[in-house]
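K.L.:
Each chain, letter by letter, is given below.
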Amino acid sequence: MFSRILIANRGEIALRIVRACRRMGITSVVAYSEADRDSRAVQLADEAICVGPAESRRSYLSAPAILSAAIVAGCDAIHPGYGFLSEDDTFAEMTRAHGLTFIGPSPEVLERFASKAGTRTLLAKHGLPTIPGSGMLRDDAHAMAEADKIGYPALIKPSAGGGGKGMRMVRSARELQQAMTICRSEALAAFGDDSLYLEKWLEDNRHVEVQVMVDKFGNGVHVGERDCSVQRRHQKIIEEGPSPALSPGQRASLLDSAVAAVVAAGYENVGTLEFLLDKEGNYFFIEINCRIQVEHPVTEMISGLDIVTEQIRIAAGEPLSVKQSDIEIRGHAIEFRINAEDAENDFQPGAGRIETYLAPGGPGVRVDSHMYSGYEVPPYYDSLLGKLIVWGPDRETAIARSRAALEELVVDGVVTNIALHRALLGNDVFLSGEFTTNLLDRVGSAAFMATPKAAA
Amino acid sequence: MAGNTDERATIAHLADEVVPALIERLSNSELGELEVRQDGWRVRLRRGTDGAIPTVQPAQTTMPHKPAAVAHTADHAPRRDQPKGRVKSPAVGFFTLRDGVTVGSKVRSGDILGIVDVLGVRQEVVSPVDGVLKALEVESGQAVEFGQAIGRVEASV
Chain R
1 MFSRILIANR GEIALRIVRA CRRMGITSVV AYSEADRDSR AVQLADEAIC
51 VGPAESRRSY LSAPAILSAA IVAGCDAIHP GYGFLSEDDT FAEMTRAHGL
101 TFIGPSPEVL ERFASKAGTR TLLAKHGLPT IPGSGMLRDD AHAMAEADKI
151 GYPALIKPSA GGGGKGMRMV RSARELQQAM TICRSEALAA FGDDSLYLEK
201 WLEDNRHVEV QVMVDKFGNG VHVGERDCSV QRRHQKIIEE GPSPALSPGQ
251 RASLLDSAVA AVVAAGYENV GTLEFLLDKE GNYFFIEINC RIQVEHPVTE
301 MISGLDIVTE QIRIAAGEPL SVKQSDIEIR GHAIEFRINA EDAENDFQPG
351 AGRIETYLAP GGPGVRVDSH MYSGYEVPPY YDSLLGKLIV WGPDRETAIA
401 RSRAALEELV VDGVVTNIAL HRALLGNDVF LSGEFTTNLL DRVGSAAFMA
451 TPKAAA
Chain X
1 MAGNTDERAT IAHLADEVVP ALIERLSNSE LGELEVRQDG WRVRLRRGTD
51 GAIPTVQPAQ TTMPHKPAAV AHTADHAPRR DQPKGRVKSP AVGFFTLRDG
101 VTVGSKVRSG DILGIVDVLG VRQEVVSPVD GVLKALEVES GQAVEFGQAI
151 GRVEASV
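Residue numbers (my numbering), protein chains in the order written: chain R, 1 to 456; chain X, 1 to 157.
Some clues are possibly wrong.
Sample of chain X residues with no beta-carbon within 12 Å of chain R, all distances over it, derived [stated by the list, open to error]:
(1) A9
(2) R86
(3) V101
(4) T102
(5) R108
(6) V116
(7) L119
(8) Q123
(9) V144
(10) V157
Restraint ranges, calculated between C-beta atoms of paired labels, are given here [what the hints assert, rightly or not]:
(11) N219/R / K88/X: 48 to 58 Å
(12) K88/X / P349/R: 54 to 64 Å
(13) D16/X / S185/R: 34 to 44 Å
Don't read these hints as lab results, they were simulated from the structure.
Idealized CB from N, CA, C, for every residue including glycine.
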């Protein structure tokens, strides 16, 4: 097992990894930018090391700075968290070349799954139904030709990254042409890579994903699924598990085929396979995330497993601590992403000083957040302030507890989306478990928040 | 020396921010003299035959100094000592002091005082001002983080 882990990330996930290290008796060293000097992770870590200025490109995204920090701090492994360098095969290769362990898939595995189009083909070969899509788009003419083949509506997606940046749904060739330029520049700004591809867009689809864990000995398990259909502009805001949209038969088929396919394709470490689910319950594989995900606590709450700890164990070459037959999904969990953004004004991100922060409590309530009263939210990074995760023995109880927890949660000083979450918990479509990925954008968050129920 | 540090910070503030702003005001005006008092300090600029003459001194005494210089009457601490004289690490890595550089070395702004090795790539540690290297806080071979204070250059008057 490792003795010192460099945590190459910030915010709530850096804190989550510090906690895993503490629980495992591993020394945590947080690599931070100048803008995060006063962050909770820096305060709580055993050690902290400043790697660069606020600008991510020169700190959290700088492979030389992160590696150099790991070396001077005497670490034997690097945990990249999510985003930043977490799925960068070159960085994973550099880490290994310097004699350190990258806590994630090996560079070879990352490379094999780096191309989204390539991964679809690979996993289709291993039995997963996939969504019709294109390869990398060379230019607008190529995009038009591919879109004609796939059929409209289609979704433009960036090859790199996630989080809804560089993504647009288009219904015609004209819309496609207009959106390509925007998506290219968004993808370039967000991921330093403007390659795009197309995917068939399913009307009224749901987003369901499967959590898998595969050790270096080829033992693989799934830890149930999560439903992330409550999105705004392809960005998840509420995730829950199990999915209310799957019958037991559909669920078993999805989970078993997902884990069988990734093990056969040679995947390793923790990962998430994302699927679209149509109205009839047919599922289509869209992409794999080779990292720990923001919404992993949903799975932790319903399985009782510590996924970050398992991830560190796998990277250290240990076998999985559980077999499939040991894993039992109990009850229902819902995660609310608490973002510093104005849901009533086009989700404009906010920054500033958190004057008051009071976390909720009670049975089944977990908060993963780096916030504290007096914390200055820097304007340079994403708007995630934390996650409220609520468990109940069934969905109704989880929702009732969520309502109470969201009423109790106080975040003053910066604009947040807490009111939107409260409104969503009063929404009939959400309550019936029939939310689809485009519903929030179609109806508009302002309309959700204006409902009398939400105001009550 | 705590009071001294405060005084130095005040001098730096006056030298780097207040005086240049006042010079600009004076230059753009028809005034012959301009004076500002704040927190026990007084800055007076007087238009001479060859331009503005800024002086800074404790309010209770008045001692003229040579043109364009800002000085403290008590210990003649030169301007821009703090924080501009701080030598900072440009990166995270291992520090190596340049041969021949020691405390007491006379340096010029931009002179390389050492390097930080970042995975074999040498990042230069440079002097921020002309002056004398007064302190070194890091030894060769020591690990440094981004922005860490490596030393201090006392600017020449």
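K.L.:
Does each hint fit the structure? Answer for all of them.
P.N.:
Hint check:
no., hint, verdict
1, A9, "holds (20 Å)"
2, R86, "holds (15 Å)"
3, V101, "holds (22 Å)"
4, T102, "holds (24 Å)"
5, R108, "holds (26 Å)"
6, V116, "violated (9 Å)"
7, L119, "violated (5 Å)"
8, Q123, "violated (10 Å)"
9, V144, "violated (8 Å)"
10, V157, "holds (32 Å)"
11, N219/R / K88/X: 48 to 58 Å, "holds (49 Å)"
12, K88/X / P349/R: 54 to 64 Å, "violated (30 Å)"
13, D16/X / S185/R: 34 to 44 Å, "holds (39 Å)"
Of the numbered hints given earlier, the model fails hints 6, 7, 8, 9 and 12; all others are met.
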